[in-house]
Amino acid sequence: MDAMDRKIINALQGGFPVSETPFAEAAARLDMTEDELIDRLRRLCDEGQLSRFGPMYNAERLGGAVTLAAMAVPDERIEAVAAQVNAHPEVAHNYARAHDFNMWFVVAAEQPRRIPTVLAEIAAETGLPVYDMPKLDEYYVGLRFEL
Amino acid sequence: MTEQRDRAPLDGTDRRLIVATQDGLPLCARPYHALAETLGLPPEEVMARLRRMLETGIIRRMGAVPNHYRLGFRANGMSVWDVADDAVTELGPHIGALDFVSHCYRRPRHLPVWPYNLFAMVHGRSRAEVEDKVNAIAQDLGSAARAHDVLYSTRLLKKTGLRLVA
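Residue numbers (this note's numbering), protein chains in the order written: chain A, 1 to 147; chain B, 1001 to 1166.
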């Protein structure tokens, strides 16, 4: 990563044009050539500094539903409970966190009615309460990393 | 309860376009034309549909999606705050606008075990940097925050992302 890579990442976390030659337009604003911008983006994606380059979709606007759920899992059961939770295909992310509530996972389903069903299944399978914490209001989403 | 928002209807062509682009755009001079060719659609239609999804918020934004961990932002703390219900609607957007907060939501309390109703995800290069940022939020909220906590992630147990399947 050099200064030009950082400039690209800082400038292009949004606003990429939808037009016939968008890389040429974006490159002109960054004072580089179209080929150089494409080559650098390819490398940043290949090396993993960028997860991808393109549209960031709003998952719950794709016609489904999403919630965040939390559980307080006894330490000695973390692995087993993680396996039970993760076995559900609707579980998209699952993070262990340092807290009494030590397991936090996102459940996403195209059919909204699947969500309470999945949470109830997990509670039944694990014998542990599952706390549903859907977002009630969204104040901002979209970290723009400044490098 | 689950979240469900009013949504613009997506038709089968939108879904094909989403499936074709959720891993990124083709990195070539005319990416939308390349997509159009793959999908057997006119390029103008591909661009019109993407523009509509940007306008309606189905696409949050178009461009580089950083891998924050690979970029050195290795600490992430989920800061959670107990803010009076009559104050949270005004304060939430203010916290969400802080440049180091990536996600900011109001969520339900589960009393008595979970008193927190405002969640702000904070990323930093180190835990100390996250702590500084959490302190800045605490200052901003002032006495409106009756209690707070920070939950650091210790391990990623699953990450498949939120995906449509073809």
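It should be emphasised that the hints constitute simulated quantities derived from the structure, not laboratory data. Where hints are given, some of them may not hold.
Coverage of chain B stretches by chain A, computed from C-beta distances (three or more under 8 Å per stretch; other residues unrestricted) [unchecked claim]: (1) 1039 to 1045; (2) 1057 to 1066; (3) 1069 to 1083; (4) 1090 to 1098; (5) 1102 to 1116; (6) 1130 to 1138.
Below are the EDC-like pairs computed for lysine to aspartate or glutamate, each with C-alpha atoms no more than 16 Å apart in a straight line [to be verified]: (7) K7(A) <-> D31(A); (8) K135(A) <-> D1085(B); (9) K135(A) <-> D100(A); (10) K1158(B) <-> E79(A); (11) K135(A) <-> E1129(B).
A virtual CB, placed ideally from N, CA and C, is assigned to each residue, including glycine.
Quick rundown of the hints versus the structure:
1. 1039 to 1045: violated (count 1)
2. 1057 to 1066: It holds, with 10 qualifying residues against the three required.
3. 1069 to 1083: holds (count 4)
4. 1090 to 1098: Our answer is that it holds, as 5 residues pass the Cβ test (under 8 Å) against chain A, meeting three.
5. 1102 to 1116: holds (count 10)
6. 1130 to 1138: violated (count 0)
7. K7(A) <-> D31(A): holds, 10 Å
8. K135(A) <-> D1085(B): With Cα atoms ~14 Å apart, K135(A) and D1085(B) stay inside 16 Å; holds.
9. K135(A) <-> D100(A): violated, 21 Å
10. K1158(B) <-> E79(A): Roughly 12 Å separates the two Cα atoms, so the pair holds.
11. K135(A) <-> E1129(B): violated, 26 Å
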